[in-house]
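Following the working numbering, the numbering of the sequence shown begins with 130 at its first residue and continues without gaps.
All the given hints hold, so there is nothing to weed out.
Okay, derived cross-link-like pairs now, BS3-like style, lysine-lysine, Cα gap no bigger than 27 Å in a straight line:
| id | residue 1 | residue 2 |
| --- | --- | --- |
| 1 | 205 | 215 |
| 2 | 250 | 267 |
| 3 | 227 | 215 |
By construction, these hints were calculated from the structure, which means they are not laboratory data.
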Amino acid sequence: MGKGRPRTASKRATKAGGGRIVSAVLENADVFRTAKTNGTIPKEPAKLVLRRPPDFDRKDFDRKARDLQRLSQQGKLKKAKSERPKILDRNSGEMRTKSQIYRERMIRKLERKKSQGHNVKDTLWRLYAGKGNVGPGKGLDPDHIHELQLDGPDEYHNLRLKDTYANRMMGSDISTALRNVPEGHPVTIRVIP
130 MGKGRPRTAS
140 KRATKAGGGR
150 IVSAVLENAD
160 VFRTAKTNGT
170 IPKEPAKLVL
180 RRPPDFDRKD
190 FDRKARDLQR
200 LSQQGKLKKA
210 KSERPKILDR
220 NSGEMRTKSQ
230 IYRERMIRKL
240 ERKKSQGHNV
250 KDTLWRLYAG
260 KGNVGPGKGL
270 DPDHIHELQL
280 DGPDEYHNLR
290 LKDTYANRMM
300 GSDISTALRN
310 VPEGHPVTIR
320 VIP
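Using the sequences and the hints given, assemble the complete structure.
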């Protein structure tokens with residue numbers, strides 16, 4: 130074996146399949162894997178580490194990371210099911226999630242502003258684009274400020290617009306990192322600049 134630079138994190142902890150750098154890893158993942166295998170529950174909280182991948186929107190990532198760090202310091206984060214129940218949308222008469230309804234409300238609001246002469250073309254275009262599968266900087270999604278999978282409420286006051294790609298990738302990375310953490314277990318956040 131050659132003498133190289135010592136590895137500070139496993140490849141698994143820093144890259145997902147295909148070489149994509151992940152935004153969230155569980156610092157003490159081995160504790161939770163072992164506990165799951167043994168049928169025990171760790172006494173320590175799940176220690177989630179967030180780091181912005183280069184293809185994430187910096188402003189959106191920093192804002193999300195600060196919010197999650199603040200919620201962590203307040204002891205409000207714990208692993209939960211990420212359920213999005215559907216409710217009746219009074220405008221369409223269809224059953225939809227609050228995120229879908231929020232997106233449509235924002236589109237209607239921006240369409241009104243556009244008709245009044247406001248320059249909202251880019252934001253409006255990104256909201257429409259966010260309905261599909263898009264890359265970095267191409268669309269906007271409603272994002273739960275306090276993640277549903279970290280016991281956040283599925284309410285309109287907990288939603289704001291965020292880059293679609295960063296929102297979906299970060300949510301997926303957090304979910305993957307917490308896969309061995311039992312529901313209801315406390316989670317702490319540490320952000321690496």
